[in-house]
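J.: One letter stands for each residue in the lines below.
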Amino acid sequence: MDLKLEHHTTDGIEVVDVEGEIDVYTAPRLRELLIDLVNGGHYQLVVNMEKVEFLDSTGLGVLVGGLKRVRAHDGSLDLVCTQERILKIFRITGLTKVFGIHDSVDEAIAARKSEK
Amino acid sequence: MATVEMTFTPLPAHVRTARLVATAVARRSGVPEALLDEVRLAVGEACSRAVEVHQEHCPAEPVRVALTGAGERFEVVVTNTATGDDGMEWPPRPAPGADGQDPAALPAELGLAVIAGLADDVQVSRNGDGLSIRMSWPASSPAR
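Chains as they are written, first to last, in my numbering: chain A, 36 to 151; chain B, 271 to 414.
Hints are computed from structural coordinates only; laboratory data are not their basis.
The reader is advised that the hints may include incorrect statements.
[Unchecked claim] Partner residues are not named here, just some residues of chain B that face chain A (Cβ under 8 angstroms, in silico):
1. A283
2. R286
3. D307
4. L311
5. G314
6. S318
7. G381
8. L388
Positions of the beta carbon are idealized from the N, C-alpha and C atoms, including for glycine.
Can you make the complete structure from the sequences, with help from the hints?
T.: Below, the structure written as structure tokens:
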């Protein structure tokens, strides 16, 4: 399974739907998309990982890189993930404290809106 | 003798193949289903690291992976032959976010932190010119 990326705007927040495997081979494509979005003025991002089948440290690095970029513009990058096997990687690396991780896209957007 | 041995050119595209093969041999070796995700991820991390150091130091040399499921443990050894690999800090320092909120504080080798958190048993050793990462998990039915 390759990596499939789609994105759309909901309530002023750019939602990135990721499907497939994020690894050392495919992660550069996600990195490019996040950079393009930030360069295009999108600083409020939600990355939906519900259809991600595999995530490794390269993928984590890309997400952290995206977070740094949006924060440089006072933006945010939240994640949607309920899969235990993916959440485990965030826990092992301590990144559950760095990202806002939500159960659904709606919840992530609502949480972001309520902070404004 | 390893149950399955493979070598692959140090390209990111082949890491997925290595993961798939390792997971298949682990399953056949009787590694519990619940642990297969850990095998898949840890082998992927070790191979990604090997690809990275090979690309930097010896892109013409293959990465080697040996999978052995002939005992009560399923063992994976990922070996790089990069002379320029000065080694790594093992065990890796605790993951960053663990103590703070600063995403900039990621360790240089996040992959090793993931391996340390996943593999049941890990040993890192110098092997000729390069380094070997040896990992193992419990297995029940020896593969033949």
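J.: Holds or violated: is the Cβ of B:S318 closer than 8 angstroms to a Cβ in chain A?
T.: holds, 4 angstroms
J.: Regarding the hint that B:D307 lies at the interface with chain A, is the smallest CB-CB distance below 8 angstroms?
T.: Result: holds, 5 angstroms to nearest chain A Cβ.
J.: Taking 8 angstroms as the limit, does the beta-carbon of B:G314 come near enough to a beta-carbon in chain A?
T.: With a minimum Cβ separation of about 5 angstroms from chain A (threshold 8 angstroms), the hint on B:G314 holds.
J.: Identify whether the interface hint at B:A283 stands, where standing means a beta carbon of chain A within less than 8 angstroms of its own.
T.: holds, 5 angstroms
J.: Is the interface hint for B:L388 satisfied, with its Cβ closer than 8 angstroms to some Cβ of chain A?
T.: With a closest approach of 7 angstroms, the B:L388 hint holds.
J.: Grab the minimum C-beta distance from B:L311 to chain A and call the hint holds if it beats 8 angstroms, violated otherwise.
T.: Since chain A brings a Cβ to about 6 angstroms from B:L311, closer than 8 angstroms, the hint holds.
J.: Against chain A, run the beta carbon of B:G381 and see if the smallest gap drops under 8 angstroms.
T.: Because about 4 angstroms separates B:G381 from the closest Cβ in chain A, which is inside the 8 angstroms limit, the hint holds.
J.: Does the interface hint hold: is B:R286 within less than 8 angstroms of chain A, judged Cβ to Cβ?
T.: holds, 6 angstroms
Against the hints set out earlier in the document, no violation occurs for any number.
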